[in-house]
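This is what each chain is made of:
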Amino acid sequence: MSPLPQSTPSISRSLADIARQIKALFDEVDQVAREDFSRPVSTDVRVSGFSLTEPLNVLLNQVRARLVEKAETARLQQDALDELSKSRDEIENLRSLSAAIALAQTRDEIVELLRSTIRDKVIPFGGSALYQGSEELGFTLTGAWDTTEADAREIDRQKTAGFLQWVIRAHTTIAMPAEGKYPTAVYVPMNAGNQVIGILLLLTPRAVDEFTQSDQERVQMLCSQAAVALENARLVDQVLQMKQYNENILISLTSGLLAVDLDGRVTTLNPSGLSILNMAAPDILGRQLSEVPRLDSFARLLSDTISTGQDRRNIELELNFGEHRQILGVSASPILADQDRVIGALGIFTDLTPIKTLELQVRRSDRLAVVGQLAAGAAHEIRNPLSAIRGNIQLLNRKLQKLPEAEPLLVKTKSIIEEVDRINRIVAGMMDMSKDGALQLARVSINKVVRDVGYIVEGNYKEAGVGLEFVLDELLPDVQVDMAEMKQVFLNLYQNALQAMSTNGKLMVTTSRTVVGEGKDFVQVLVADTGAGIDEKHVEKIFAPFFTTKSDGTGLGLSIVHRIVEEHKGRITVESVVGKGTTFKVLLPAAPAGSAPPAPQVPASQTPAETAGG
Amino acid sequence: MVMEKSKIKELIAKIEKLPTLPVVVARINAMVQNPKTSAREVGAAIATDPSLSARVLKMVNSAYFGFPSQISSISHATTILGFNAIQNLALTATVFQLFRDNSGDELFDRRRFWEHSLGVGVLSRLLAEKTRYADKEEAFTAGLIHDVGKIVLDQFVHEEFKAVMGLVRANDMLLYEAESRLLGLNHANVAYIVSQKWNLPKKLQEPLAYHHAPGLSKYNPQLTGIVHLADILCRALKIGNGGDNKVPVLDKAAVADFKLNASDIEQLKNVSEKEIEKAEVFLEML
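Protein sequence lines, in the order shown, are assigned to chains U and E. For the first sequence, the numbering used here begins at 27 and goes up steadily by one. For the second sequence, the numbering used here begins at 40 and goes up steadily by one.
It should be emphasised that the hints constitute simulated quantities derived from the structure, not laboratory data. Beta carbons: idealized from backbone N, C-alpha and C, even for Gly. It cannot be assumed that every hint is accurate.
Reference excerpt, derived from the structure (chain U facing chain E, CB under 8 Å, subset only) [said to hold, decoys possible]: (1) ALA187; (2) GLY188; (3) PHE189; (4) TRP192; (5) THR198; (6) ILE200; (7) ALA201; (8) PRO203; (9) GLU205; (10) VAL234; (11) GLU236; (12) PHE237; (13) THR238; (14) GLN239; (15) GLU243.
In silico lysine-lysine, DSSO-like type, Cα no more than 30 Å apart, as pairs [said to hold, decoys possible]: (16) U:LYS428 - U:LYS382; (17) E:LYS241 - E:LYS291; (18) U:LYS112 - E:LYS241; (19) E:LYS175 - U:LYS185; (20) U:LYS185 - E:LYS169; (21) E:LYS285 - E:LYS317; (22) E:LYS257 - U:LYS112; (23) E:LYS75 - U:LYS207; (24) E:LYS317 - U:LYS185; (25) E:LYS97 - U:LYS185; (26) U:LYS96 - E:LYS75; (27) U:LYS96 - E:LYS241; (28) E:LYS75 - U:LYS147; (29) E:LYS201 - E:LYS97; (30) E:LYS241 - E:LYS53; (31) U:LYS567 - U:LYS382; (32) U:LYS112 - E:LYS242; (33) U:LYS96 - E:LYS236; (34) E:LYS201 - E:LYS46; (35) U:LYS112 - E:LYS75; (36) E:LYS257 - E:LYS298; (37) E:LYS313 - E:LYS242.
So here's chain E without its partners, still in its complex pose (with noise of 0.2 Å):
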């Protein structure tokens, strides 16, 4: 059944009821962009919100970074984790506030959704790592939230989405063609409308829109190829669930500049599973 373009329409309104980020990562995400922001504008941008300051500051100075003595301000820890590094914190701190409500009907398991994004968040920083991607906070991030399509969907268009997790069950489909079957768009999509409607880093919107579809990524090819081998080894190896019990077709071009083998996915898989607890650890602070 084919959506209208209007009933679409109507979706994607109400999507955008979506919530803006908090004003203080916006204006993070702006401030970074800029390479003349010192590191005092950084924390200070931070210190508005007293209770993220706490939080990002937890988590520098947790066993999860490993620096050898105490991180005692924002400023400080941007000199030493670098920009990005901040950035990303402030944004995972927050995102996984929005959606830390854990209402959900079983169909939809939330537990088992952030057992699942939290592992690809550690995949795509082990990935990130192996690959020698710049930035590893960014892809750890960006694993983090690839999936907040769903959320969305679950949250703002509630009843339609458990009728495309029904047809989900009843088939044994992936996720995402049910989505699209039913509702005209898919997650990936959503993903999409949400990375805009919150100004992320550009970096960071293409991972969002485009994993299920690598080849479409324009502007950081690596980082998409990154999350989208992420989330098939995910679901390979059975950590946590996505909403579906298959697994997509690997983009073999999107990962062929990795130049991986055998042995180098059998290393990832021995030690997902201790960093996937360190990440468990880590979180839980938030």
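Okay, chain U solo, but in the shape it has when bound (with noise of 0.2 Å):
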């Protein structure tokens, strides 16, 4: 009888060695006991623990007990190290999902992660499906791969049956079996907090009856990771189109809009805000307001309108920088967050200068009509004992003429004669001041009233030692002109030249053809002089009634002068340089085709005087 060995194997953790180590066992016992069954051994002879004196079937079983025992705890022992594995494996999928999904972009990319983690690690799928939407408004079908027609009328099936509504309302994973390609369906609710958000359908080969509550349990935590990942990234989708939306608005004001925050630096300036003010965006952006140049005046609104948290509407402002000067109209506004807390303001603005602009010069020929009418009335009044004076002296004057020795006072007579005239003159330009509409328009070019007027004055030049000159276009346009006012302009303005020219000056006259603004036809007449030239403090007033800087002037004949050419539509504006010369430059508008008959010949003989006194 051969020796039982002397030592216990150890048993090891590993079931396989368990079980080669008991059969090794065994066989040496059964060895053993095969050769004499009943007869006790000898004590001395231990096998784990056991004394050999039992008899050895009886002895065999205890052992066999033993080992089934130990083995049995070395079995659980490994099936809790597995299960540690594999929890540690499902924290790692869980993980690495997490991590994947963070750096994902899209909904499509979530759902990729999600569906591949899902197939690798859990449950193998073929065909799978994604439904989206809200417990309120419904779920519809937002993508499916790798299903074939068959999957698809058997999903179509199930919806229809209710059991998208059923995972809905139970919130729980559950395993269905489905006709078609694949025996199961897996319908996993994708929760985000509270709400459910998507359903996953998976089309498995895997026995429905197969699962496991830990399948349940992963697959449900995976997909609930991916719900969370999805709705975050659809909240940013809607923040950014919100975003983008805004800012489109901004862009479309017509209006300019500038915020500032509390420290008064400026926020946001859009593009017809940066049009208006004439800037750059680097310029102003992300500056304190009152720093920027010439802006101080608007950061001090907005200032206010923080500190008093009130709106301040239809503000002008004015913006001075060197010599330009440009007037805001402005509401400005405090921005408030939470209803009542300040934390910036805002204004909306708009150019007001041209409008301005405007307003000048309607108050200016307003004034000028005002001027008119008094002087309408006033000149009315004065006719009369004017025509008495006249008739008297004339007479007087003849008498005396009879009388050799009242020779000397003829002078004087002449003299009275002279300045009643001239009276006379003065009030029948205030007269004409108040004339307004009716005028007489005929069509003729300008070149004829221009070189008709020169003649008039072409004696005083000469005695002068002026020269006279024209340069005219013959192949200007026609203009619609009342001829005796046009008439009027030209001999004022030539007038006036002579006055401020000395001995060897020289009136130039030029006619030529122009476009104005949008492409109207315009004929310009330049009266260009080598006179004294006006002073740059004077040359805003001179169309101004009653400005003279002549000591016997009335200061009237510019004034007329701008009322006609307004009267016609045109315009006239003066350049000076003191000490050079002077030249008006006068814009009448081209007659359009068909208009007034052509102006009756007027004699080139008829004197200023007659003209002007009538």
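Bring the two chains, given one by one in their own frames, into a single complex with the hints.
This is how it looks when you write it as structure tokens:
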């Protein structure tokens, strides 16, 4: 009889090892038992703590039981370790899915990551589909992968049967038998927080029976993770869209919009605003508004708005820099967060400068009209007494002419008559000023007008030794003018020029065709002298009534000229350099085709005195 | 009269004569604890008791669950309703069976007792939904069998229990106070013993043992609080009769986390009647 092994084999943790060792031990024991079954063996042989005095069959059973027990323990331990490592795997799955999802940008990436993780690590599946939506608005199919026609029909059938609804209500994963290529359909709700935002459908070859709680829990966990990510992606999308929309609104505004924060720093300025202020974005965005040149009044308005928390509507702000003056119309309001916390201010503004200029022009025209009214009234009153005076003086003059000794007195009476005539001229001029409307328009070339008037003043110019030159464009378009009035204009200009010049001066009158504004044809007349020129500070005022630098001037001439030109829908401007000369520019609109008849020929011998004194 | 320790021990010995749960239920409990159990294994386990199998299938196909199509096998039911739901159904079906015997004297009206148990089951389920407790069916089961201790006392310690009921009638006091006074232990203690003997899932043990003292619950305070509140509500609404006519004091701390307000309670009251009817129909199948 061979002795039993002296030492017990140590039981290792591996099941295979255990099995091998058990088998080896049994083989040994069996071998011994076969040899002598019932005879007790000597007591100094021990196997695993059992004394061999007992009959071997009993012993065998005891050993077997103990070994099985140990094997069971080892198996349980191995199971526990397996569990632990599986748990670690699951945690790792979840962690790597989370990490990958954090990098995913789009909904499609997230869904793809989810599907591949589930397929590789939890439940293998063939076809899959995704429904998205909400409990209130319902769910629609937003994606399907590797599904056949038969699958699609099956999915449809299940949806109609209400399985989707069940899953949504119950918030749990279910596995259902399916007809189609795959025997089982698994529905997994995607829970973001408390809301179901989607359902993932997996068509798997695994039998329904094979599913365990662990499967359900794991796939549910992964889907919840993805659901949160999808929800976030959707919210981010929404925010971006809103942001874009708000930006579009700002860009489309025709008014300027400027916003500052509590520190007075410019946070927003839309393209219209930049163009109104004529600035580039980098020069103003992000800077303190008070530090931007010329916008300090704007800055003050906005900081007032912030400190009072009140709207300021329709404020006019004057922005000055150098010569340039700009007027803005601004409405400012505080920017509120949470209904009462001021976090900044914004101003909506438009450029009022063109309007202001227009206002000034309108006021000037009005002023002139008013003066005209007064003048007409006064003039009318003066006419009669003046007529009486003149008549009497004429009489007196005739009587004195018959008395030889009254000869020296004739000078005086002549002088009186001259002065009375002068008054008459002024009065007539003032009456002309009040003459509104009822222009007698005739179609004529302006060249004729300027030449005719030239004939009138020729004599005076020659006497003064001053040159008079005409450069006339013979191909000028005609204009439509009241001849008498237009002649008055040029008469006045020629006379002023003569007065400004000394011997050897020259007046040059130039006519030409020109285009103004959006392609309107105009006729331009330049009356340029080489006289003393007009002082810079007077230039603005020369067209104003009663403005004169002459000791005997009435101050009405140029204001009448201005009125007449405006009446003809023309423009008159002046440029002057002291010591060099003055140029008046008269612009008159070209006559449209088919207008008033050509003017009757006026004899050139008509004197200025008669024309003006009328 | 305080019971001597030996007398209490005697009582417990009698109680422990309580039959064990059918093997099936115990096996299912164990299986469901193990997350690796497959649905097939659960189905196979229940199939060893054909009558239980039939009853469970009838229940899962009932309007109570409202699944849109016919469920043909227990294993399918498991993957659809969930492992916990099947476990609770099996448990409910079994316990109900064990205590179907309507013998009982006029002092302890078994019928009204079941009305009360059913009410607490339904309200527990409703409260579970409101407070977002994970397993509504589990709450239903917990509520349904929370007073199993009373049945056990009535069945296995009948004479002593009769004396307790007499005391309750005479002094119009709370049952568990009378129990403690006369027997040295109350039905919640008994329920605890039962839950140990039956190896009930841990999550169910605490609601049974601590529904009158939810503060003692450590493992599953939420469910214990739910059953505690449901019990009080049922008594307040006079749904059935739990053995006495008084309403125990509410443990505010236990229910503070539920964040329920008066309108929530009102709403529960309104739906409870209909829900109890539905549950009655459901339990008829047993």
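Does the structure break any of the earlier hints, and which numbers would those be? When the structure is compared with the hints, numbers 9, 16 and 29 turn out to be violated.
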